[in-house]
Amino acid sequence: MSYQIPKFRHPDLPVNELGYTKADYEGAISTLCAGCGHDSISGAIVKACHELSLEPHKIAKLSGIGCSSKSPAYFLRNSHGFNSVHGRMPSVVTGAAMANRDLLYLGISGDGDTASIGMGQFAHVVRRALNMVYIVMNNGCYGLTKGQDSATSDRGSASKKGDPNLFNSIDLCSMALQLGATFVARSFSGDKEQLVPLIKAAMTHRGFALIDVVSPCVTFNNNPGSTKSYKYVREHAEASGTIDFVPIMQEITTSYHAGTTQEVTMHDGSVIHLHKVSESPDPFDRRSAMVALEDHRADGSILTGLIYMDKNSRDLHDMLETSQRPLNELEEVDLCPGNRMLENINASLR
Amino acid sequence: MKRIESVNDFVIKFANVNGTGSASANSLFAKALFRMGLPVCPKNIFPSNIQGLPTWYEVRVSEKGYLGRRGGVDIALSVNPQSMAQDIQDVEPGGYFIFDNTKPLDLRLLRDDVNIIGLPLTRICNEQYQDPRQRQLFKNVIYVGALAALLDMDFKVLTGLVADQFKGKEKLVLPNIHALEIGHQYAKENFDCPLGIRVQASNKVGDKILLDGNTALGLGAIYGGATVVAWYPITPSTSVVDAFEKYAKRVRIDPGTGRRNYAIVQAEDELSAVGMVIGASWNGARSFTATSGPGLSLMSEFLGLAYFAEIPTVLFDVQRAGPSTGMPTRTQQSDVLSAAYASHGDTKHVLLFPSTPKECFDFGALAFDLAERLQTPIILMTDLDLGMNDNMSDPLVWDDEREYDRGKVLTAEDLDNMERFGRYQDVDGDAIPYRTYPGTHPHKGAFFTRGSSRDVFATYTEKGEEYEDNMLRLMAKWETIKEHVPGPEIIACGVDTDDAVLYFGTSEESSREAVDYLAEDGIHFDAMRVKAFPFNKEVEDFIGRHQRVFVIEQNRDAQLRTLLMAEFELGPDKLKSVLCFDGTPISARNIRKQILQVVSGGNVMPLHREHSASGAGE
Ligand SMILES: Cc1ncc(C[n+]2csc(CCOP(=O)(O)OP(=O)(O)O)c2C)c(N)n1
Ligand code: SF4
Ligand SMILES: [Mg+2]
Numbered sequence: 001m002s003y004q005i006p007k008f009r010h011p012d013l014p015v016n017e018l019g020y021t022k023a024d025y026e027g028a029i030s031t032l033c034a035g036c037g038h039d040s041i042s043g044a045i046v047k048a049c050h051e052l053s054l055e056p057h058k059i060a061k062l063s064g065i066g067c068s069s070k071s072p073a074y075f076l077r078n079s080h081g082f083n084s085v086h087g088r089m090p091s092v093v094t095g096a097a098m099a100n101r102d103l104l105y106l107g108i109s110g111d112g113d114t115a116s117i118g119m120g121q122f123a124h125v126v127r128r129a130l131n132m133v134y135i136v137m138n139n140g141c142y143g144l145t146k147g148q149d150s151a152t153s154d155r156g157s158a159s160k161k162g163d164p165n166l167f168n169s170i171d172l173c174s175m176a177l178q179l180g181a182t183f184v185a186r187s188f189s190g191d192k193e194q195l196v197p198l199i200k201a202a203m204t205h206r207g208f209a210l211i212d213v214v215s216p217c218v219t220f221n222n223n224p225g226s227t228k229s230y231k232y233v234r235e236h237a238e239a240s241g242t243i244d245f246v247p248i249m250q251e252i253t254t255s256y257h258a259g260t261t262q263e264v265t266m267h268d269g270s271v272i273h274l275h276k277v278s279e280s281p282d283p284f285d286r287r288s289a290m291v292a293l294e295d296h297r298a299d300g301s302i303l304t305g306l307i308y309m310d311k312n313s314r315d316l317h318d319m320l321e322t323s324q325r326p327l328n329e330l331e332e333v334d335l336c337p338g339n340r341m342l343e344n345i346n347a348s349l350r
Numbered sequence: 351m352k353r354i355e356s357v358n359d360f361v362i363k364f365a366n367v368n369g370t371g372s373a374s375a376n377s378l379f380a381k382a383l384f385r386m387g388l389p390v391c392p393k394n395i396f397p398s399n400i401q402g403l404p405t406w407y408e409v410r411v412s413e414k415g416y417l418g419r420r421g422g423v424d425i426a427l428s429v430n431p432q433s434m435a436q437d438i439q440d441v442e443p444g445g446y447f448i449f450d451n452t453k454p455l456d457l458r459l460l461r462d463d464v465n466i467i468g469l470p471l472t473r474i475c476n477e478q479y480q481d482p483r484q485r486q487l488f489k490n491v492i493y494v495g496a497l498a499a500l501l502d503m504d505f506k507v508l509t510g511l512v513a514d515q516f517k518g519k520e521k522l523v524l525p526n527i528h529a530l531e532i533g534h535q536y537a538k539e540n541f542d543c544p545l546g547i548r549v550q551a552s553n554k555v556g557d558k559i560l561l562d563g564n565t566a567l568g569l570g571a572i573y574g575g576a577t578v579v580a581w582y583p584i585t586p587s588t589s590v591v592d593a594f595e596k597y598a599k600r601v602r603i604d605p606g607t608g609r610r611n612y613a614i615v616q617a618e619d620e621l622s623a624v625g626m627v628i629g630a631s632w633n634g635a636r637s638f639t640a641t642s643g644p645g646l647s648l649m650s651e652f653l654g655l656a657y658f659a660e661i662p663t664v665l666f667d668v669q670r671a672g673p674s675t676g677m678p679t680r681t682q683q684s685d686v687l688s689a690a691y692a693s694h695g696d697t698k699h700v701l702l703f704p705s706t707p708k709e710c711f712d713f714g715a716l717a718f719d720l721a722e723r724l725q726t727p728i729i730l731m732t733d734l735d736l737g738m739n740d741n742m743s744d745p746l747v748w749d750d751e752r753e754y755d756r757g758k759v760l761t762a763e764d765l766d767n768m769e770r771f772g773r774y775q776d777v778d779g780d781a782i783p784y785r786t787y788p789g790t791h792p793h794k795g796a797f798f799t800r801g802s803s804r805d806v807f808a809t810y811t812e813k814g815e816e817y818e819d820n821m822l823r824l825m826a827k828w829e830t831i832k833e834h835v836p837g838p839e840i841i842a843c844g845v846d847t848d849d850a851v852l853y854f855g856t857s858e859e860s861s862r863e864a865v866d867y868l869a870e871d872g873i874h875f876d877a878m879r880v881k882a883f884p885f886n887k888e889v890e891d892f893i894g895r896h897q898r899v900f901v902i903e904q905n906r907d908a909q910l911r912t913l914l915m916a917e918f919e920l921g922p923d924k925l926k927s928v929l930c931f932d933g934t935p936i937s938a939r940n941i942r943k944q945i946l947q948v949v950s951g952g953n954v955m956p957l958h959r960e961h962s963a964s965g966a967g968e
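The listed protein sequences correspond, in order, to chains H and P. Using the working numbering, the letters of the first sequence correspond one by one to residues 1 to 350. Using the working numbering, the letters of the second sequence correspond one by one to residues 351 to 968.
Please keep in mind that the hints were generated in silico from the structure rather than gathered at the bench. Ideal Cβ positions, reconstructed from N, Cα and C, are used throughout, including at glycine. Keep in mind that the hints are not guaranteed to be accurate.
What follows is a set of in silico ranges between Cβ atoms, one per label pair, in the way DEER data are often shown [unchecked claim]: (1) D318(H) with D502(P): 57 to 65 Å; (2) D318(H) with G695(P): 37 to 45 Å; (3) N344(H) with A513(P): 52 to 60 Å; (4) P583(P) with N168(H): 41 to 49 Å; (5) G695(P) with R155(H): 46 to 54 Å; (6) N344(H) with K519(P): 16 to 24 Å; (7) N168(H) with T675(P): 42 to 50 Å; (8) R155(H) with V759(P): 29 to 37 Å.
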């Protein structure tokens, strides 16, 4: 049972440019297990949207089925939400995004929802370059059906049930890169510092943006022997670098050492600063990103941070050359050719 | 020997090899008769293959205007050695068998009750043309020329059609006319023209058009304001989207910007296609997908979501012969039950049954109004016969005053003026709730759409009563729906009778013809054509007024009959089945035969069987 959060507002709470407090971006109280990684990701989404001063009602949040897919109920109360069917969120977002290009589409999915039943739809939404942010709350198991191994569970990793997983894992970031995603990042639910700016950057990116967030399931897969536990991920995560997000028009005050920091202007005019820790990967070079992912996989570490971004991305609307006016705003005059044309058609059929 | 003699009333069947260009020559033949003012009914019987297998094209000409299949073949024109043995068998006694006699006919195939006419098509082509492709293509045109002489067709109509057909490619006009002349001349010189069967110009066509149902559906979607189309290729539905795209390129490009007022997405499968339609409709665009049986099966889970979450969803199902892959290029009406109850749980869907291209257009556009008004999936059930064959139809008409019915959608202003918005609240007493589009209002009207149980405010609940209330409201909505879907067409025979026939979709023409035959036999039937599910009151009353109702349909399991029995709680005695499921359109003779069997007291109704793969016979 979900409850609405009481609408009490502390007078000192910071407001954003729209006059909203962070609470205006929250949702119903979560019914997930205490300590579940998914709730931290919801928190990061709330923080990112608040700090970006997004209009909540101009965001549509969609999901499949799973604990992760329930999350959209727990943030952005004033956004329309759609909890669809298992593994099929990508198609529903695709239709929605075709209907109205002016909203921001946020897809929430789980590793079961994406990497098993929804693998086909995931692959094709990436390929189509839909303008959306796709967040996978990745816990290596099926939380809602009580902890079975998922397809992102590493080979040899053991969940609470104890049997090591026999099969190779699917790396969603590698897959997305291979399929042409123009923004690929990985993060950890326990690292808000890293996650929030990544969400912001993904939200300002035009085209398909994937953030694969390792998000431990405290109930079924947080035990020793699991490679998706808090402890394991903390010990094995290696950040590619850090990023700062500078909203549109805001003065840039910090100065960085040349060579290690790169400045990238996003489609809406905002800027991100990338501070690199090491040479590899170069996040603007797809091959380098793929190699870096493979290298980390080989040595058993988890590469996090921004992995790849294409600064000149295009999206499905660009490719289909659809009208700038959202299709759902078109009316009879725009859509219906009238009887005269039918008369001509009839004449050609006699 | 007996010779069938008739004017403007016969069935001719062409036997070709697919991939040899016969389709355009055969339709030239049918269209020429149509232009001579004769009602025609052409039907393609084609394989699921791109090149090399037998394909047939049957044209019925009926001055009386019967447009269904009659059954039987009066003239067979066979240029396919593979199917010749069967083709000659199919001819009615006294009929005509025309074949390519470059190679002599196998004597074992000869029938002494059929008039044999040999045209040396291959030889003529080899003499006339060097290029092998031309030899093949013009062979078809030459036999059309020969038929013009044999049947006494107006040659000028044919040449006029060729000129129309190749508008913009004038180079092709003369060679085609030349080929027609070769055939024409050969027949004139070698046979006593015309045959016993011949045509003469008439005026029975009026302002009718010749159009396939899928094109009409695509146009219906254009006129109905569809903007988002998602689909996955499958015969026989593919040409619906092809037609939509063809016309969208003409009328939906913004003249100022050159950008498109539509989006077509070829999905990765049918699950995705219907998911996209649901997403687009949820977001306030008119959207549709087109598919056939296998696709419908895949869409099941999503259709349940759309039913339960009350999202307008338009789906065109162009039925083909199932189960499974079945006979993918043959026709049936066999998705009725799987569409009506698609998805798990207590789910029911609205079905529309068009029976002509004009109705494909009308119902195609109407489907969007109904979907948005009723907030539920609307499944338009057509079939391969209607969808892929040129059917004679009333012309398409659009009322320029008409406005789309966008249903119950709240604006920001509406939301400001209301106390509290409840997505699943029955405010008006018709069980149809109000919805909002995403992005309407900064802090009112947002809700969480889900396929799980929720209360009237769209908040998740597992309370049994709230779930039950919602399910009962959906039942009440079902009653409302009955007032919105098209009512049946009833044709009273004018004689007091306890007997009736009931049919839908493409069984219409043959059923009406069969009723006429039966009247000549002295048995009178009232007739009703059902146009939609749920069945309205008129359907119930009509059945109630009769003792015995023959339900005519093109599937094995009497699916519509099952639906009628379930919805009206009728016993099995009252409704009798007339069925055809061999993959060819049901014929009038077949219907008459099956009904006579029951009426004359044969207590076991034999399953209908059409005797050949080519679908000839009765
Ligand atoms: C078609 C279908 N099959 C199975 C299920 C049962 N089911 C519900 S959630 C789930 C797995 C969810 O796993 P994941 O996406 O990783 O989410 P998590 O709960 O781990 O966050 C399954 C198999 C379903 N809802 N629908
Ligand atoms: S079962 Fe696991 S994934 Fe689901 S809510 Fe609990 S901790 Fe989170
Ligand atoms: Mg999971």
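Evaluated hints:
1. In this structure, D318(H) and D502(P) meet the distance hint of 57 to 65 Å, their C-beta atoms being roughly 60 Å apart.
2. In this structure, D318(H) and G695(P) meet the distance hint of 37 to 45 Å, their C-beta atoms being roughly 40 Å apart.
3. In this structure the hint that N344(H) and A513(P) lie 52 to 60 Å apart at CB is violated, the actual value being about 19 Å.
4. The given range of 41 to 49 Å is broken by P583(P) and N168(H), whose C-beta atoms sit roughly 33 Å from each other.
5. Remark: the range hint 46 to 54 Å for G695(P) to R155(H) is contradicted by a beta-carbon distance near 38 Å.
6. In this structure, N344(H) and K519(P) meet the distance hint of 16 to 24 Å, their C-beta atoms being roughly 21 Å apart.
7. For N168(H) paired with T675(P), a C-beta distance near 33 Å fails the hint of 42 to 50 Å.
8. Between R155(H) and V759(P) the C-beta distance comes to about 51 Å, which lies outside the given range of 29 to 37 Å.
Checked against the numbered hints listed earlier, the structure breaks hints 3, 4, 5, 7 and 8; every other hint is satisfied.
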